[in-house]
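Protein chains: 2
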Amino acid sequence: MNEFDLIERYFAPLSMDGLKDDGAVLAVPEGFELAVSSDVLNEGVHFPFGEAPHYIAHKALRVNLSDLASMGAKPLCYQLGLALSSVCDESWLAAFSKALSEDQALFDVKLLGGDTTSTKSGISISITAMGLVPKGEAVKRGGAKDGDVLVLSGSVGNALIGLDILRDDVVSADEAYLLECYRKPTPRVALAETLRANVHAAADISDGLIADAGHIAKASGLACRIDLDAVEFSDAAQAQIDVGRYSALDLMAGGDDYELAMAIAPEKLDDFMSDAALHGIHPQVIGCFEKGSGITVVDGQGQAIAIDKAGWQHF
Amino acid sequence: MNEFDLIERYFAPLSMDGLKDDGAVLAVPEGFELAVSSDVLNEGVHFPFGEAPHYIAHKALRVNLSDLASMGAKPLCYQLGLALSSVCDESWLAAFSKALSEDQALFDVKLLGGDTTSTKSGISISITAMGLVPKGEAVKRGGAKDGDVLVLSGSVGNALIGLDILRDDVVSADEAYLLECYRKPTPRVALAETLRANVHAAADISDGLIADAGHIAKASGLACRIDLDAVEFSDAAQAQIDVGRYSALDLMAGGDDYELAMAIAPEKLDDFMSDAALHGIHPQVIGCFEKGSGITVVDGQGQAIAIDKAGWQHF
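Chains as they are written, first to last, in my numbering: chain A, 1400 to 1714; chain B, 1400 to 1714.
No lab work stands behind these hints, which were simulated from the structure alone. Check before you lean on any hint, since a few could be wrong.
Note: identical chains are not told apart, hence a pair may lie in one copy or across any two.
[Said to hold, decoys possible] Okay, derived cross-link-like pairs now, PhoX-like style, lysine-lysine, Cα gap no bigger than 25 Å in a straight line:
#1 K1497 / K1544
#2 K1509 / K1497
#3 K1583 / K1617
#4 K1509 / K1534
#5 K1667 / K1473
#6 K1534 / K1473
#7 K1544 / K1519
#8 K1583 / K1534
Model, not experiment: these values are computed from the prediction.
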């Protein structure tokens, strides 16, 4: 099957216009701006060698939608750049494109265009996602104000444990759940509207809660304090803490959760929490932003705890 | 140097807004649409292992700008997705980003955002380029009309010979020129305005003249005829034909030239040629579109010549 047949069979059905041109043309409605984000996922780095194609597809699209969510944007479409290795046969492509199709329906987003290439080395998936946001309303990292509370859209650490399960480094009675957290994160696109209405600053947690909350603080010219006792973990993650396999700080430094860290003015908190609850999401208030710089984690006595690793970094 | 320092040092200076957020926000002026195109370049496939970083950068950006040019769009910005291997040290990144910076100035385009990742295998560069086009005026592949002439923005085959020189498969007195054609193609962005005014359909020649002219014909529901005697090659390429190293058809099937193939109504041809000449570009009229299907190359006697390879395909 040649490149054009392959695109025709597996990717044209996902697209807005059939992928007939060198590029696509996108109309942005009056009063809106385009939020644009890219994430590249490489075999052996962002997903294990031999990972099932549907998990690769889910993760590649969802991590991009998560970036749009953090900006308060509604997903519109995406460009799909594929570097496919010799393992990517027709059954691989069928499973990969089917998973994209499922997520397109779930998150109301379409394929706009892209490029399908072969590689002599590992698989690399590059997605550029585009979303709509009313003009001037995009949520940024640098908008936190002194006195804002730090809010987390869900629990962190599950993805780190899921990855360790994949690596056979840990066992858990909740293996299926934790693996799914790592492989198929839920981008918080449902929160986009209330983010625009109620949130000063946001980032999605790809590098780890401590690192990403730190990014908000730094971009906003503020300090961030996380109250360790306020951070609630999933039952599955708490069980791992209880047996001593991970510390709470380990889980707060683990990446890949794709929850949102947000800075919210105290007077907006109730509205935000009510909106989130309508989508079945129950955020946690875990700290605050204040004058100063840097990120501190404090214990129940208000004592700062040493942080030895802040999050995942390439290089 | 960690991921954030690296972005701060080498890529933030190329960007519109400093790359501070999970994504970027792009305003599309009223009356315009966004043309979007992606190309992925993989080490060992689209450029040789060990290729100099500045050539990788030039090629990655320029092939994307070429797609925008074929749509009649003015380049605006691009997303840069990097999968970097262990060879990509600071000197590599300095040369890579410097080449991008030079091309940004040359083609009036800025970095919007992207993702910088590490890979355990070969380098992969994924760019999504965005350009502006007045609403409804984007040039497409499928717009050719019966009776249009087939016009080529420059000479083809140089890039194929350049690649063969890189592979030590061929020698040429014009080595420097031919290598440059392969490594640093000139996207025809200068033609965007006259394309919108005078061209029915266009495609950039990435897969080879015969293949890409065939794409226009197929998308337009027409046949395309190329007059072999009308196709002019560069002096460097003609010298290779003269010594019997390549046939004219070989060069018409070689990819990577990034000239434009265009369908133009005969009555618009003079205007188009005058506009092109203002930019120092001297297109060739090499054939026509007519009722029917498929692509034919005819000799000086009007006899069809058998085509055994139409162009480059992945897979």
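Hints numbered earlier in the text: which of these fail when held up against the supplied structure? The structure breaks hints 1, 3, 7, 8; every other hint is satisfied.
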